[in-house]
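Student: With the sequences and hints as input, model every part of the structure.
Position 46 of the sequence shown, counted from 1, bears residue number 46 in UniProt numbering, the numbering being contiguous throughout.
Be a bit skeptical, because a hint or two may be false.
If you anchor each label on the Cβ, the simulated ranges turn out as follows [what the hints assert, rightly or not]:
{"no.": "1", "residue 1": "71", "residue 2": "48", "range": "30 to 38 angstroms"}
{"no.": "2", "residue 1": "31", "residue 2": "89", "range": "12 to 20 angstroms"}
{"no.": "3", "residue 1": "50", "residue 2": "1", "range": "30 to 38 angstroms"}
{"no.": "4", "residue 1": "16", "residue 2": "75", "range": "17 to 25 angstroms"}
Since the hints were derived computationally from the structure, they do not count as laboratory data.
The model shown is predicted, which means the values in this text are computed figures rather than measured ones.
We put the beta carbon where it would ideally sit given N, CA and C, even for glycine.
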Amino acid sequence: MKRTDIVHRIAETMHRIAPTARTILYGSEARGEARHDSDIDLLIVVDEKELTPETELTLRRPLSELEAQTGVAINTLVVLKRVWENITTPLTLNINREGIVL
Numbered sequence: 001m002k003r004t005d006i007v008h009r010i011a012e013t014m015h016r017i018a019p020t021a022r023t024i025l026y027g028s029e030a031r032g033e034a035r036h037d038s039d040i041d042l043l044i045v046v047d048e049k050e051l052t053p054e055t056e057l058t059l060r061r062p063l064s065e066l067e068a069q070t071g072v073a074i075n076t077l078v079v080l081k082r083v084w085e086n087i088t089t090p091l092t093l094n095i096n097r098e099g100i101v102l
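Tutor: Here's what the structure looks like:
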C-alpha cells in the first residue's frame with residue numbers, strides 16, 4: 001500500500017471514530033521527506049474535559065490495527081485541546097508550522 005493511501009485511511013478512520021477530534025500529520029511525512037521505512041507522526045487534539053485511558057484506547061486501537069496491516073509505524077500523540085492551545089515548545093511550534101490537518 002502506498003504511503004498516501006495509508007494517510008488517506010488514517011484520515012478516514014479518524015473522521016469515523018472521532019469526528020470532533022483534530023488530527024494533524026507532522027514530521028517527515030508532512031514535509032514530503034518520508035522514506036519507505038519512516039514512521040507516520042500524528043497529533044490528535046481532543047476537545048474533552050479530561051483525557052482518559054479509554055479515550056486514548058478508542059483513538060489508538062484502530063491506528064494500531066492499520067499499523068499491523070500496513071507494516072508502517074504510526075506514532076500518535078493525543079492531547080487535550082485546552083492544553084494544546086496553551087503550550088509552546090519546539091515540538092508545538094514545529095507542528096503548527098508544518099502540520100497538515102487531515
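Student: Evaluate each hint against the coordinates.
Tutor: Checked hints:
{"no.": "1", "hint": "71 x 48: 30 to 38 angstroms", "result": "holds, 31 angstroms"}
{"no.": "2", "hint": "31 x 89: 12 to 20 angstroms", "result": "holds, 19 angstroms"}
{"no.": "3", "hint": "50 x 1: 30 to 38 angstroms", "result": "holds, 35 angstroms"}
{"no.": "4", "hint": "16 x 75: 17 to 25 angstroms", "result": "holds, 20 angstroms"}
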